[in-house]
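Enquirer: Each chain is listed here by its residues.
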Amino acid sequence: MNKIIKIGYYLVMIVLSIYFIGPIYWMIISAIKPPNEIFTYPPVFFPSKINFKNFVDAWNAQPFALYLKNSLIIVLFNTLGQVFSCTLVAYGFARYKFKGRELLFTILLATMMIPWDVTMIPQYVLFKALKWIDTLKPFIIPAWFGSPFYIFLLRQFLLTIPKELEEAAAIDGANDFQIFLRIFIPLIIPAIMVLIIFNFLTCWNDFLGPLIFINNPQKYTLMLGVAQFRGLHHIEINKIMAITTIASIPPLVLYIFAQRYITEGIVSVSVKG
Amino acid sequence: MRIKNKKEYIPFLFLMPWILGFLIFTIGPLFFSLVMSFYKWPIVGKPVFIGLKNYSDMFKDPLFYHSLKVTFKYVLWYVPLNTIFALLCAILINTNYKFTTLFKALFFLPTVVSGVAIAIVWSWIYDKEYGILNYILSLLLKIEGINWLGDTRWSVFSLVIASLWTMGNTMLIFLAGLKGIPKELYEAAYIDGATWWPRFIKITIPMLSPTILFNLITTLISAFQVLTLALLLTGGGPARSSYVYAMYVYHNAFRYSKLGYASANAWIMFLIILILTLILFKSSNRWVYYEGEK
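Just so you know, the protein sequences line up as chains A and B, in that order. Reading the first sequence from the start, the letters are residues 1 to 273 in full-length UniProt numbering. Reading the second sequence from the start, the letters are residues 1 to 294 in full-length UniProt numbering.
FYI, nobody ran anything at the bench for these hints, they're computed from the structure. Incorrect hints may appear among the rest.
Straight line, CA to CA, 35 Å or less: simulated DSBU-like cross-link-like pairs of lysine-lysine [to be verified]: (1) Lys142(B) x Lys3(A); (2) Lys128(A) x Lys40(B); (3) Lys6(A) x Lys69(B); (4) Lys7(B) x Lys163(A); (5) Lys137(A) x Lys46(B); (6) Lys131(A) x Lys40(B); (7) Lys258(B) x Lys131(A); (8) Lys258(B) x Lys128(A); (9) Lys258(B) x Lys46(B); (10) Lys258(B) x Lys137(A); (11) Lys137(A) x Lys40(B); (12) Lys128(A) x Lys46(B); (13) Lys97(A) x Lys179(B); (14) Lys258(B) x Lys6(A); (15) Lys258(B) x Lys3(A); (16) Lys179(B) x Lys6(A); (17) Lys46(B) x Lys131(A); (18) Lys258(B) x Lys69(A); (19) Lys128(A) x Lys60(B); (20) Lys219(A) x Lys40(B); (21) Lys6(A) x Lys60(B); (22) Lys73(B) x Lys40(B); (23) Lys49(A) x Lys183(B); (24) Lys142(B) x Lys49(A); (25) Lys53(A) x Lys128(B); (26) Lys202(B) x Lys3(A); (27) Lys3(A) x Lys98(B); (28) Lys73(B) x Lys258(B); (29) Lys219(A) x Lys7(B); (30) Lys53(B) x Lys131(A); (31) Lys219(A) x Lys46(B); (32) Lys282(B) x Lys97(A); (33) Lys7(B) x Lys97(A); (34) Lys219(A) x Lys128(A); (35) Lys183(B) x Lys3(A); (36) Lys69(B) x Lys128(A); (37) Lys179(B) x Lys163(A); (38) Lys53(B) x Lys163(A); (39) Lys53(B) x Lys128(A); (40) Lys7(B) x Lys99(A).
Next comes chain A alone, as it looks inside the complex (with noise of 0.2 Å):
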């Protein structure tokens, strides 16, 4: 019984890894299976040679370079932004008593419901006043204010750290902003790791934005000129599985290399809430 038990078990789990990981197998494979084995069928599983040219060619056909520059400008920047921002504005909610605290925290959390569809149209409009369209202003200068997830996020850190520390480091002469800086920073280093890798998947994997924002080819980032790719290319799946898989290398790697903070983030979040 438990035997029969045991097989169907890992029957289930293999059927849901197939769901799983079976369609980013197929996009690796139909991205350097040779042009004769894309529509054929019944579908070829296992291509008859690696086609590395479908990489080369499809990278060509559009200034993807360009565009990879621009999706890192926006990745680094961002990034940047958000630290300086959101350590700071953790720090001040966790870290101090101060009339109107809780009143403030509670409305940072509810501004995670508004729907993008409510404040993507003026800011639109205030971007269009500014001139930042066709600008990678919006998707940086924004991020220097910090953003509700990830103060949340740097708060839960700050919050399990004993209030002795401070004292101490009061007692010794330092001044708010050195104790924040000296001693709190270091000590948040694995929260600000988190924050870094759910950023970069943010910003990397952006599409709408993008979409929204930017109408001149030179401003294009990665996924924005990946999705056009699609359009202008659509008989040529190899090509377009080809750019696809390139731009899906680095959340992947990503992923495999850093798994332990993204399932932390995703936790810490949710159940200490």
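Given the structure of chain A, go ahead and fit chain B onto it with the hints provided.
Expert: Positioned in the frame of chain A, the structure of chain B alone reads:
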């Protein structure tokens, strides 16, 4: 907490970035959006005040009702399926069998992939003639040639299946919830002779109910805003059968240059989400069990 009598402005110095950002990029736009909804507001040209006309036009627009219906159809399929499926996966991982860590990693992997890649990969999987899905279905179940993306009966469901692929976050939250249930409860039930099903209904579900509520609310909010997948996978078609509400808002704003009208659309969406979330919260008194209360 600091005990000493500190200067009171110091915490606000730390909060300053968020307070400014909240005013400029969140609450400012929120109110501005409400103001815009009373204007005829083209992308290029001068806005004109028209009072409630955007709202009265909207309630006469058949596409408004249609797209709302499509979104509700998507939400009604996706939210329950996502919750049940993610819970099932979490339960399967939360066992004593070998390789559960590996399975957890595999199940979560698609969640880090971008919406653009998901749409592109699934549109190839769904391909009517050369798609791998139809091949597998014909092999296993002898079902032939479903036109996943080109058939009005299937288009919304195709979006749901592709969305379920990235249920990783919901799964991990359930998993953490399951791990938080004290083992003693199960042991006591085991001694009482309770089998798998009563243990699940009497212990797992009540102990997990706060997590279920959290997941339902976050999934509901995101499901109402689904856009990337609809834009890139079905394009809202065929015959607008997958024309979700967020696409209606997006098209009104940026294809038809009716920013005021689209703002009115967006506010209706906001209200619907708000009302549904409140209903969920209100109903939670009846079915969510908080340990330590009573």
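Enquirer: Is the hinted pair Lys128(A) and Lys40(B) satisfied, with a Cα-Cα distance of at most 35 Å?
Expert: holds, 17 Å
Enquirer: Please work out if Lys258(B) and Lys69(A) have their alpha carbons no farther apart than 35 Å.
Expert: Within the cut-off at roughly 33 Å; holds.
Enquirer: Hey, Lys6(A) versus Lys69(B), does the alpha-carbon distance stay inside 35 Å?
Expert: Cα-Cα ~44 Å, so violated.
Enquirer: Lys53(B) and Lys131(A) were given as a pair; does the straight-line alpha-carbon distance stay at or below 35 Å?
Expert: holds, 30 Å
Enquirer: Can the restraint linking Lys46(B) and Lys131(A) be considered satisfied, given a maximum Cα separation of 35 Å?
Expert: The given pair, whose Cα atoms are some 17 Å apart, holds under the 35 Å limit.
Enquirer: Do the alpha carbons of Lys97(A) and Lys179(B) lie within 35 Å of each other, as the hint requires?
Expert: Satisfied, since the Cα-Cα distance of roughly 33 Å is no more than 35 Å.
Enquirer: Taking only the CA atoms, is the gap from Lys258(B) to Lys46(B) under or equal to 35 Å?
Expert: holds, 12 Å
Enquirer: Given the proposed pairing of Lys258(B) with Lys3(A), does the C-alpha separation stay at or below 35 Å?
Expert: violated, 64 Å
Enquirer: CA of Lys73(B) to CA of Lys258(B), is that 35 Å or under?
Expert: holds, 26 Å
Enquirer: Tell me if the straight-line CA distance from Lys258(B) to Lys131(A) falls inside 35 Å.
Expert: holds, 20 Å
Enquirer: Check the hint pairing Lys7(B) with Lys97(A) against an upper bound of 35 Å on the C-alpha distance.
Expert: Between Lys7(B) and Lys97(A) the Cα gap is close to 12 Å, so the pair holds against 35 Å.
Enquirer: Verify the proposed pairing of Lys202(B) with Lys3(A), using a straight-line Cα cut of 35 Å.
Expert: holds, 27 Å
Comparing the model with each numbered hint stated earlier shows that hints 3, 14, 15, 21, 23, 29, 38 do not hold.
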